[in-house]
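Number of protein chains: 2
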Amino acid sequence: MPNTSALAQAAPFSESERNAVYKAIYTRRDVRDQFLPDPLSDKVLLRLLDAAHHAPSVGFVQPWNFIVIRSSADRERIWQAFRGANDEAAAMFSGERQSTYQSLKLEGIRKAPVNICVTCDRTRGGDVVLGRTHNSSMDLYSTVCAIQNLWLAARAEGVGMGWVSIFHDADLKRILAIPDRIEIVGYLCLGYVDQLYERPELEVKGWNRRTPLEDLIFDGKWQGDP
Amino acid sequence: MPNTSALAQAAPFSESERNAVYKAIYTRRDVRDQFLPDPLSDKVLLRLLDAAHHAPSVGFVQPWNFIVIRSSADRERIWQAFRGANDEAAAMFSGERQSTYQSLKLEGIRKAPVNICVTCDRTRGGDVVLGRTHNSSMDLYSTVCAIQNLWLAARAEGVGMGWVSIFHDADLKRILAIPDRIEIVGYLCLGYVDQLYERPELEVKGWNRRTPLEDLIFDGKWQGDP
Chain A
1 MPNTSALAQA APFSESERNA VYKAIYTRRD VRDQFLPDPL SDKVLLRLLD
51 AAHHAPSVGF VQPWNFIVIR SSADRERIWQ AFRGANDEAA AMFSGERQST
101 YQSLKLEGIR KAPVNICVTC DRTRGGDVVL GRTHNSSMDL YSTVCAIQNL
151 WLAARAEGVG MGWVSIFHDA DLKRILAIPD RIEIVGYLCL GYVDQLYERP
201 ELEVKGWNRR TPLEDLIFDG KWQGDP
Chain B
1 MPNTSALAQA APFSESERNA VYKAIYTRRD VRDQFLPDPL SDKVLLRLLD
51 AAHHAPSVGF VQPWNFIVIR SSADRERIWQ AFRGANDEAA AMFSGERQST
101 YQSLKLEGIR KAPVNICVTC DRTRGGDVVL GRTHNSSMDL YSTVCAIQNL
151 WLAARAEGVG MGWVSIFHDA DLKRILAIPD RIEIVGYLCL GYVDQLYERP
201 ELEVKGWNRR TPLEDLIFDG KWQGDP
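In order, the protein sequences belong to chains A and B.
Quick note on numbering: the first sequence equals residues 1 to 226 in the working numbering.
Quick note on numbering: the second sequence equals residues 1 to 226 in the working numbering.
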């Protein structure tokens with residue numbers, strides 16, 4: 001009988017394969033300053049982008065694009081846009097919190113040899129997209145899943161990645177010629193790394209603590225503050 | 001010299017470890033109908049939730065909660081809410097597209113032994129959150145990263161997962177007693193699987209095709225339709 005359903009035995013994971021997936025999840029870091037200057041080959045970059053491209057997408061519309069930025073002049077212009085936004089962000093904190101904020105390095109735009117702007121085309125798939133009729137953010141969420149795939153694949157390749165969110169989108173759109181109808185979801189910095197923080201940098205530097213997992217799990221219904 | 005920076009040598013991945021990460025990424029599926037009735041142990045479920053909890057989060061605020069729903073009565077009520085919304089969604093397609101839509105099974109709410117509603121507490125971390133001042137969606141995006149971590153860990157554990165987005169949030173909030181200020185990001189169905197689609201189900205069933213990756217990559221700036 002021909003296999004018309006395309007269903008196949010699910011390939012099980014060995015214990016060592018399972019451990020490798022958890023290793024990527026637990027040792028992934030938001031990298032800001034540990035980038036080495038070594039270039040990323042097109043071959044490795046394509047593997048990372050193909051991993052992103054195999055994320056789930058609502059209605060299988062694959063709404064993402066990847067703008068790959070290597071030119072140091074372009075990265076410098078984008079860094080200037082970051083700096084302006086970051087000065088505004090710093091001003092929103094006060095006292096000791098502001099000093100701590102200003103001591104944090106929050107991006108690797110100029111240090112990382114490759115930057116990627118990940119966008120979501122909200123018109124892809126037309127007006128009515130399967131699975132997006134009751135939650136209009138599902139295409140944006142699909143794009144975030146692509147970014148997380150890319151992040152974990154990068155970790156497995158020895159590549160560090162940082163997500164920079166401190167921008168006015170209008171600045172990035174102007175510099176990268178992104179049309180109005182396209183939404184910027186993430187701006188990523190990538191490069192090889194040989195050192196990583198053992199725990200999240202914001203935890204190491206005292207910005208926030210990890211919440212105990214058991215406080216975040218509810219049984220059957222919401223059990224937290226109303 | 002004491003290690004005050006908490007930076008450590010980044011543990012490299014062997015070729016087989018790297019392949020395992022890609023195996024999870026490439027064989028992950030949105031599962032709707034292949035769930036086995038076998039229960040998921042608390043131990044496995046905790047491993048999956050801990051993987052989710054180790055996602056990146058903006059300002060390290062860890063904005064997520066996980067409402068674990070096992071009761072079949074609750075799952076039945078939630079399925080009724082899905083069914084109402086899905087009838088509305090079907091009506092938005094016409095002709096052959098509508099028949100195809102109606103032939104698709106889009107959820108495993110009653111069949112999967114465990115459902116998880118993943119929420120984002122938008123008040124966590126206070127009014128000013130590091131990294132969220134210029135992009136207010138970053139806490140929602142962090143929560144999506146947690147879901148994608150959970151999805152890949154599930155695949156490595158032999159557990160299938162489906163993301164159901166066809167709900168009125170108000171229905172889910174009423175059934176699960178979720179306060180107004182909390183945003184629902186994803187509703188997940190989980191259970192063991194021994195069969196999976198070789199390619200995404202919506203591709204197998206002719207709903208959409210995979211876009212060639214090269215069409216989605218731009219060099220230096222936006223190069224698509226204006």
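Heads up, some of the hints might be wrong.
Just so you know, same-sequence chains aren't split out, so a pair can sit in one copy or run between any two.
To be verified - Pairs of lysine-lysine, BS3-like flavour, derived with a Cα cap of 27 angstroms:
| id | residue 1 | residue 2 |
| --- | --- | --- |
| 1 | Lys173 | Lys23 |
| 2 | Lys173 | Lys221 |
| 3 | Lys221 | Lys205 |
| 4 | Lys111 | Lys23 |
| 5 | Lys43 | Lys105 |
| 6 | Lys221 | Lys43 |
| 7 | Lys111 | Lys43 |
| 8 | Lys23 | Lys205 |
| 9 | Lys205 | Lys173 |
Hints are computed from structural coordinates only; laboratory data are not their basis.
Looking back at the numbered hints, which does the structure fail to meet, lowest number first? 1, 3, 5 and 9
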